[in-house]
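A.B. asks: Chain by chain, the residues:
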Amino acid sequence: QQQVKQSPQSLIVQKGGISIINCAYENTAFDYFPWYQQFPGKGPALLIAIRPDVSEKKEGRFTISFNKSAKQFSLHIMDSQPGDSATYFCAAAKSSGDKLTFGTGTRLAVRP
Amino acid sequence: KAGVTQTPRYLIKTRGQQVTLSCSPISGHRSVSWYQQTPGQGLQFLFEYFSETQRNKGNFPGRFSGRQFSNSRSEMNVSTLELGDSALYLCASSLAGQVPYGYTFGSGTRLTVV
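Chains as they are written, first to last, in our numbering: chain Y, 1 to 112; chain P, 1001 to 1114.
Keep in mind that a hint or two might mislead.
[What the hints assert, rightly or not] Taking lysine-lysine and the BS3-like style, the derived pairs with C-alpha atoms no more than 27 Å apart in a straight line are:
1. K1013(P) / K42(Y)
2. K42(Y) / K68(Y)
3. K1057(P) / K5(Y)
4. K5(Y) / K71(Y)
5. K57(Y) / K5(Y)
6. K1057(P) / K42(Y)
7. K94(Y) / K1013(P)
8. K1057(P) / K99(Y)
9. K71(Y) / K1057(P)
By construction, these hints were calculated from the structure, which means they are not laboratory data.
Hey, can you work out the whole structure from these sequences and the hints?
C.D. replies: Structure (structure tokens):
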């Protein structure tokens, strides 16, 4: 059972545009929602994370929007740059000590 | 400081063989978690070790096993390899009490089963 659904599978954005990736979860016990960025040949690296007690978190050009009632959260990349081209994974976990349940990933390409 | 080190980076094995992968965590990190990454299934949790004890386990068959040593280094073993075991195997280390918030992933071991 896929507990975290991610879309789209791939995304092409022009430089300077906004990239938006969406995730939906099923398990209401999840209380930690990170986004990871992975470049080819590298492991995933934590980009930004949010807890369900806030609806939005911003770090630089990256923003997470969280909708607890809809059980959805999304990543917005403002002013997208070619260096942002990577695969992005959303994830969720229930509590400290729990494993991460990952979405299936979104391959982002930012065109110059 | 040094990151999470996984060895080897690439491995080719024949179906039916067994394989051992190694992970050296960041100094001071006592928790090591393993994930399997495939194009079809994404990242799937294998297991987590803390202080030489398996603390959490995913839904993988018993052919997948692991262990952790007193210096926090971890190994995972896959016996009787199947073609479907071809994947990128990632380990992530974190401080005690920081699982999964403080995960730092290694670059992985790419296993190809032929």
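A.B. asks: If a hint holds in the structure, say so; if it does not, say that too.
C.D. replies: The hints, checked one at a time:
{"no.": "1", "hint": "K1013(P) / K42(Y)", "result": "holds (22 Å)"}
{"no.": "2", "hint": "K42(Y) / K68(Y)", "result": "violated (32 Å)"}
{"no.": "3", "hint": "K1057(P) / K5(Y)", "result": "holds (22 Å)"}
{"no.": "4", "hint": "K5(Y) / K71(Y)", "result": "holds (11 Å)"}
{"no.": "5", "hint": "K57(Y) / K5(Y)", "result": "holds (21 Å)"}
{"no.": "6", "hint": "K1057(P) / K42(Y)", "result": "holds (24 Å)"}
{"no.": "7", "hint": "K94(Y) / K1013(P)", "result": "violated (36 Å)"}
{"no.": "8", "hint": "K1057(P) / K99(Y)", "result": "holds (9 Å)"}
{"no.": "9", "hint": "K71(Y) / K1057(P)", "result": "holds (26 Å)"}
Taken one by one, the earlier hints fail for this structure at numbers 2, 7, listed in ascending order.
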